[in-house]
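Just so we're aligned: the sequence shown equals residues 1 to 71 in my numbering.
One or more hints might be untrue.
Computed spacing ranges between beta-carbons, pair by pair [to be verified]:
(1) G57 - M29: 29 to 35 Å
(2) E37 - D58: 25 to 31 Å
(3) G57 - H30: 28 to 34 Å
(4) S4 - P64: 18 to 24 Å
(5) D54 - E24: 29 to 35 Å
(6) D54 - H30: 14 to 20 Å
(7) E36 - T12: 18 to 24 Å
(8) W52 - V14: 27 to 33 Å
Hints were generated in silico from the structure; no laboratory data involved.
Cβ atoms here follow ideal geometry from the backbone N, Cα and C, with glycine treated the same way.
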Amino acid sequence: MVRSKEWKYILTGVNEEGLFNEKEDPYEMHNLAGSEEHREVLNRMRGYMTDWMDRVGDGHERPPGAPIDDK
Numbered sequence: 001m002v003r004s005k006e007w008k009y010i011l012t013g014v015n016e017e018g019l020f021n022e023k024e025d026p027y028e029m030h031n032l033a034g035s036e037e038h039r040e041v042l043n044r045m046r047g048y049m050t051d052w053m054d055r056v057g058d059g060h061e062r063p064p065g066a067p068i069d070d071k
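Could you build all of it, start to finish, from the sequences and the hints given here?
Written out as structure tokens, the structure is:
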């Protein structure tokens with residue numbers, strides 16, 4: 001999970017995504033991960049998640065659409 005002031009992004013153990021607007025939806029009732037309107041936010045949060053996973057050496061499958069690093 002990664003958060004910003006307004007957004008929360010979750011990547012589950014089966015590689016499902018959750019994107020929630022914490023200001024407008026504090027109870028996380030509406031997953032916006034599939035919303036075309038929020039695609040830019042989703043991609044930004046995916047990037048934060050991928051960066052964090054790389055920093056801590058997390059071997060979990062990368063978020064959908066994340067670049068693959070073949071180092």
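- [ ] May I ask you to test the hint 27 to 33 Å on the CB atoms belonging to W52 and V14?
- [x] Given about 19 Å between the Cβ atoms, the range is violated.
Checklist entry - Taking the CB of G57 and the CB of H30, does the distance hold inside 28 to 34 Å? => result With a Cβ separation near 33 Å, G57 and H30 satisfy 28 to 34 Å, so the hint holds.
14 to 20 Å as the expected CB spacing between H30 and D54, which holds or is violated: Distance hint for D54, H30 is violated at roughly 29 Å.
Q) Within 25 to 31 Å or not, the Cβ separation of E37 and D58? A) Hint holds: Cβ distance 29 Å, inside 25 to 31 Å.
Distance restraint hint 29 to 35 Å, applied to the beta-carbon atoms of D54 and E24: 30 Å, holds
Fill in: Satisfaction of the hinted span 18 to 24 Å by the C-beta atoms belonging to E36 and T12
21 Å, holds
Given a hint of 18 to 24 Å, does the C-beta separation of S4 and P64 actually sit inside it? Since S4 and P64 have Cβ atoms about 19 Å apart, the given range 18 to 24 Å holds.
Open item on the list: Please check whether G57 and M29 have a Cβ separation lying inside 29 to 35 Å.
Closed with: 34 Å, holds
The structure fails to meet hints 6 and 8 from the earlier list, while all remaining hints are met.
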